[in-house]
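Asks: Residue numbers (the numbering used here), protein chains in the order written: chain G, 1 to 160; chain E, 1001 to 1476; chain D, 2001 to 2100.
Everything labelled a hint here was simulated from the structure, so no lab data went into it.
From a predicted model like this one, the values you see are computed outputs, not experimental measurements.
All C-beta atoms, glycine included, are put in the ideal place defined by N, C-alpha and C.
One should not assume that every hint holds.
To be verified - Over the 10 Å line for every Cβ pair with chain E, so calculated as not near, a few chain G residues:
hint : residue
1    : I9
2    : F135
3    : G151
To be verified - Taking lysine-lysine pairs in the DSS-like style, the calculated list, with each CA pair at most 25 Å apart, reads:
hint : chain 1 : residue 1 : chain 2 : residue 2
4    : E       : K1146     : E       : K1191
5    : E       : K1360     : E       : K1264
6    : G       : K26       : D       : K2084
7    : E       : K1191     : D       : K2084
8    : D       : K2084     : E       : K1147
Claimed, not checked - Some chain D residues near chain G, calculated using beta-carbon distances under 8 Å:
hint : residue
9    : V2006
10   : A2007
11   : G2016
12   : F2020
13   : G2021
14   : R2030
15   : I2032
16   : I2043
17   : T2055
18   : E2058
19   : G2061
20   : V2085
21   : Q2087
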Amino acid sequence: MTFDTTIYIIAVALVILFSYLAIRTKSILISLIYLVGMYAAGAWALIQVGAWFLALIYLFVNAGGVLVLIIFASMLTRPARDIPTNRRITFYGIITSTLLIALIGYYMYASNINYVASYSSNYYSIASFIFSYYFIGIIVVAIAALSIYFGAIYVAGEEK
Amino acid sequence: MVNLVNLENTIFYLFAPFILFIFSLIVAIVGLFKKYLVAKILSYISLLLALITSIYFLSYSSALFLFNGKIIIDKFSLIVWIALIIGAFFSLSSMENDLISREAFPLLLLSLSLALIAIISRDLLILFLAVEGSILPTYALVAQFKKEPFSLEATVKYFIFGILATLLFAYGITVIFGNLGSTSFAIISDKIPNSNLLLSVLGFILIILSLGIKSTLVPLHTWAIDTYQGAPTSITVFLSTTSKILGISVIALLITGPFSGLYKFTTIYYILVAFALLTLVVPNIAALIQRDLKRLLAYSSIAHAGYMSLIFVFPFQTIYILGYYLITYSIAKSVSFMVVKIISGEGSYSSYDSLRGLFKSNPLIAFAFSISLLSLAGIPPFAGFMAKFLLFLSTALSSSVGISLALIALIMSGVSVYYYVIVIRFASSKSLGNGNEKLLNLSFEKYLFLILSIVLLIVLTFFPNYFFVSIPIISP
Amino acid sequence: MIDVLVAILVVLPAFGIGIFGLLARRHFIRIIISVEIALNAVILTLGVFSALNGTMGEAIGILFLFIIAMEVAIGLAIAIQMDKVFQTVDIYAVRKIKDE
Chain G
1 MTFDTTIYII AVALVILFSY LAIRTKSILI SLIYLVGMYA AGAWALIQVG AWFLALIYLF
61 VNAGGVLVLI IFASMLTRPA RDIPTNRRIT FYGIITSTLL IALIGYYMYA SNINYVASYS
121 SNYYSIASFI FSYYFIGIIV VAIAALSIYF GAIYVAGEEK
Chain E
1001 MVNLVNLENT IFYLFAPFIL FIFSLIVAIV GLFKKYLVAK ILSYISLLLA LITSIYFLSY
1061 SSALFLFNGK IIIDKFSLIV WIALIIGAFF SLSSMENDLI SREAFPLLLL SLSLALIAII
1121 SRDLLILFLA VEGSILPTYA LVAQFKKEPF SLEATVKYFI FGILATLLFA YGITVIFGNL
1181 GSTSFAIISD KIPNSNLLLS VLGFILIILS LGIKSTLVPL HTWAIDTYQG APTSITVFLS
1241 TTSKILGISV IALLITGPFS GLYKFTTIYY ILVAFALLTL VVPNIAALIQ RDLKRLLAYS
1301 SIAHAGYMSL IFVFPFQTIY ILGYYLITYS IAKSVSFMVV KIISGEGSYS SYDSLRGLFK
1361 SNPLIAFAFS ISLLSLAGIP PFAGFMAKFL LFLSTALSSS VGISLALIAL IMSGVSVYYY
1421 VIVIRFASSK SLGNGNEKLL NLSFEKYLFL ILSIVLLIVL TFFPNYFFVS IPIISP
Chain D
2001 MIDVLVAILV VLPAFGIGIF GLLARRHFIR IIISVEIALN AVILTLGVFS ALNGTMGEAI
2061 GILFLFIIAM EVAIGLAIAI QMDKVFQTVD IYAVRKIKDE
């Protein structure tokens, strides 16, 4: 286990810590602050792997777009504090998610990939991927974004 | 160097999705001026253009390739296009402008446009983007009724399960990309035999779970009952035909395409057999005790997903019938929900009593309703009978597990006749004593579609061979 | 130089926390935050795999980020509508409507 891997594990441990705190806090706005911490730690983990371009876009979209949206929506909705669930539902939720990640983790562990990779982002080749053969992907995302504009504005808007 | 795409080929082959996109913009602008009739006519024109395009491309003898094999338009994709467009036609004709306001038409056209792109894509990334992009407008479409609480409950359940499906699909693509180095179908199907089998199986299981949520296979079907009941009935027409057909065809595309070498040897086969078995048995039994018309039709659409999922177990021998089954299912299910809309409006509760006296007062509507229900049940001489007959026969001829599955499907189809016939019996009984039911005044297009569906469901029985599809082509 | 197996196993608890929040929480905004957490775990896994397999992983990650932002947008529109009709975003309050 190399030194880079150790730093990556520290970054991902911060991600897990912040995400756990974001789930467990009682107030929605405080959990959004922990979400910002999670984004920062996630960007650090991505930079550690070497994909700095992806970390850049990740921070732009998440911390600049999604987070602002969630803050505004949580200010417009009631209640501002989390509502407790009963213990049985929480227990079943923990069992289901633990089973799912145990299944995924077992398959990944038993598959024995043991590569060690080193990498740095090349935005020129990312652009040549997206704009040459995956051009239809950008078109599809654009059409989906247009439908979200119509749909979200209609659903959240006022009735005349 | 960056390769430039061939622009005129692109616009010509992808004419149907693009024309739907452009018309949705025009319809949105026209809707701003509140000219709903013009908007509806423009939507019909765009759907008709898409249908004509797909029928025209059927006359080509070879498949059409775009983007170096990332998009392939072959006969399988074109027949599924026709089934998707039929669902959208019926959904559009059952919308009225006083209940569904101006944003429903562009959202419908956009969702259909992305569903068309999803079927012709031969790359996991584009498939994911198009399937998610086709589902996103339907979240907004189901939430149309802003005042009725049950519609909102349907939206919340639909949203939560849809997000779960997105998560699983995204993780599946990540694992497959990490294992094989590419998401293109051609490269995946070449590299799977020599690669790390466990990771590929994991990715495939995650993708199948996600698509199973979307096409309402049974342990993952619980969102569909409340969503189909709570959504406005015109939108239920669209959801139960186009979204379900999209889910089933994408699973069929993946099974016969990139992952065809994978499932014969591993636990995926057992998972798919279990899904097919549960989806055959559970909805038919649960539908016997329903008392609400929309819930009954929702359970029946889940049961039909079960019949379609017989194909997943032996895809190479049985996929030829999938196109025909999808077209007949789409016509019959759309007509049944459309008649529910005509009789009970867009609301969530429609008891059987509203059907009483239908044959006496509106014979055309009752006739179309009965024919569509009999076609769904699989009674001859309607098209559903030929589709089910060919499907069960080809499943039984494929292997020993196939014989037992086809037998169970036949028994369950017989069980389903019972609940369809109950509904038809209500329609033919005398009306309750509150006077004569007046003749419902339908617009011209609804008459046209009802008559067209009666004719099609009888005529298509005798010509199934025009709709036989072959295995989808995945590499140029 | 990252050891890929350790890297992808370490991100799994974040995905699990996101799935747990999606299944077991009552407040709708908290459900959306959990979906954010789970999808960000997927992006981190994709970053590691792109270090293994080339730049295509980053292109996939960028397109996933777009889809994530769109899902959050429509989810929050539904949350605002839920607040208008029920005066709360508790999904249990929505569930009690059906009386069958």
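Asks: Next, verify each hint and record whether it holds.
Replies: Here is how each hint holds up against the structure:
{"no.": "1", "hint": "I9", "verdict": "holds, 18 Å"}
{"no.": "2", "hint": "F135", "verdict": "violated, 6 Å"}
{"no.": "3", "hint": "G151", "verdict": "violated, 3 Å"}
{"no.": "4", "hint": "K1146/E <-> K1191/E", "verdict": "violated, 50 Å"}
{"no.": "5", "hint": "K1360/E <-> K1264/E", "verdict": "violated, 55 Å"}
{"no.": "6", "hint": "K26/G <-> K2084/D", "verdict": "holds, 23 Å"}
{"no.": "7", "hint": "K1191/E <-> K2084/D", "verdict": "violated, 52 Å"}
{"no.": "8", "hint": "K2084/D <-> K1147/E", "verdict": "holds, 9 Å"}
{"no.": "9", "hint": "V2006", "verdict": "holds, 6 Å"}
{"no.": "10", "hint": "A2007", "verdict": "holds, 6 Å"}
{"no.": "11", "hint": "G2016", "verdict": "holds, 4 Å"}
{"no.": "12", "hint": "F2020", "verdict": "holds, 4 Å"}
{"no.": "13", "hint": "G2021", "verdict": "holds, 5 Å"}
{"no.": "14", "hint": "R2030", "verdict": "holds, 6 Å"}
{"no.": "15", "hint": "I2032", "verdict": "holds, 7 Å"}
{"no.": "16", "hint": "I2043", "verdict": "holds, 6 Å"}
{"no.": "17", "hint": "T2055", "verdict": "holds, 4 Å"}
{"no.": "18", "hint": "E2058", "verdict": "holds, 5 Å"}
{"no.": "19", "hint": "G2061", "verdict": "holds, 5 Å"}
{"no.": "20", "hint": "V2085", "verdict": "violated, 11 Å"}
{"no.": "21", "hint": "Q2087", "verdict": "holds, 6 Å"}
The structure shown violates the earlier hints numbered 2, 3, 4, 5, 7 and 20.
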